[in-house]
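Using the sequences and the hints given, assemble the complete structure.
The residues making up each chain are set out below.
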Amino acid sequence: DAGVTQSPTHLIKTRGQQVTLRCSPKSGHDTVSWYQQALGQGPQFIFQYYEEEERQRGNFPDRFSGHQFPNYSSELNVNALLLGDSALYLCASSLGQGTGNTIYFGEGSWLTVV
Amino acid sequence: QKEVEQNSGPLSVPEGAIASLNCTYSDRVSQSFFWYRQYSGKSPELIMSIYSNGDKEDGRFTAQLNKASQYVSLLIRDSQPSDSATYLCAVGTPPTDSWGKLQFGAGTQVVVTP
Chain A
10 DAGVTQSPTH
20 LIKTRGQQVT
30 LRCSPKSGHD
40 TVSWYQQALG
50 QGPQFIFQYY
60 EEEERQRGNF
70 PDRFSGHQFP
80 NYSSELNVNA
90 LLLGDSALYL
100 CASSLGQGTG
110 NTIYFGEGSW
120 LTVV
Chain B
4 QKEVEQNSGP
14 LSVPEGAIAS
24 LNCTYSDRVS
34 QSFFWYRQYS
44 GKSPELIMSI
54 YSNGDKEDGR
64 FTAQLNKASQ
74 YVSLLIRDSQ
84 PSDSATYLCA
94 VGTPPTDSWG
104 KLQFGAGTQV
114 VVTP
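Protein chains in written order, with my numbering: chain A, 10 to 123; chain B, 4 to 117.
Warning: the hint list may mix true and false statements.
[To be verified] Just a few of them, taken from the derived set where beta-carbon distance is under 7 Å, the chain A residues facing chain B:
(1) Q50
(2) F54
(3) Q65
(4) F114
[Said to hold, decoys possible] Chain A residues, not near chain B, derived (Cβ > 10 Å throughout):
(5) I21
(6) R72
(7) S74
(8) F78
(9) N86
(10) V122
(11) V123
If you're looking for bench data, these hints aren't it; they were derived computationally from the structure. Where is the CB? At the ideal position from N, CA and C, for every residue including glycine.
Okay, here's the thing in structure tokens:
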């Protein structure tokens, strides 16, 4: 049973550049959420995609955008990178919509902005 | 006021002893509660979920929930060196939890000493 897979695992970008991170949900899951985890902090919700639409967004600027494809995989795009965007980016998948859904994280993508 | 609060630690626990981790949350309508374990440099891994007041046991782990006090805890019995990690408390609050949004605490670092 394939878990949540993310790519790339590590990357280094320069301030002002753009980055795209990719995620494939756990087999059978159709919903993808993205989280940002800064060093020493808990994960912070960025947004969630279901049925190829952004359903909810956390407190992140428009520089953060995403997409979900018909096969449920998803991309996170960050434009005009800032030093403060350096973090572990986590993709989480779940099945459908409903209170109390359990989310499962991928291994994450470590982004360093220099 | 932070929505989900945990003691940052580190919590030092002798091998074989019980580790007790605490978490408080601010929103009275929160309905779902999760404990994730995160090893250094890795992504969070789900340990336990709890939705009703009382205790829930799974192997060496016991989650306790008291909604009146807005308090959830995790007990780790017979602590092993492999339990050394950061433990994240996560809370789901309707309706946003149906969109995959969980509020995380900053985590408690546990160090099990031989």
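Against the structure, the hints:
For A/Q50, the interface hint holds, the least distance from its beta-carbon to any beta-carbon of chain B being 6 Å, beneath 7 Å. Interface hint status for A/F54: upheld, as the beta-carbon distance to the closest one in chain B is roughly 5 Å, under 7 Å. Here the hint on A/Q65 is kept, as its CB sits about 4 Å from the closest CB of chain B, short of 7 Å. The interface hint given for A/F114 holds, since its Cβ lies 5 Å from the closest Cβ of chain B, which is under the 7 Å cut-off.
A/I21, annotated as away from the interface, keeps every beta carbon of chain B farther than 10 Å; the closest lies near 16 Å. Distance check on A/R72: its Cβ is at least 20 Å (rounded) from any Cβ of chain B, clearing the 10 Å threshold; non-interface status holds. Chain B leaves A/S74 outside its interface by the beta-carbon criterion, the shortest separation being 17 Å against a cut-off of 10 Å. Non-interface status of A/F78 relative to chain B is upheld: no Cβ of that chain comes within 10 Å, the nearest being about 17 Å off.
Separation of A/N86 from chain B is adequate, the least Cβ-Cβ distance of about 18 Å exceeding the 10 Å criterion. Taking the minimum C-beta to C-beta distance to chain B, about 18 Å, the non-interface status of A/V122 holds against the 10 Å cut. Here A/V123 stays apart from chain B, with its beta-carbon at least about 19 Å from theirs, past the 10 Å limit.
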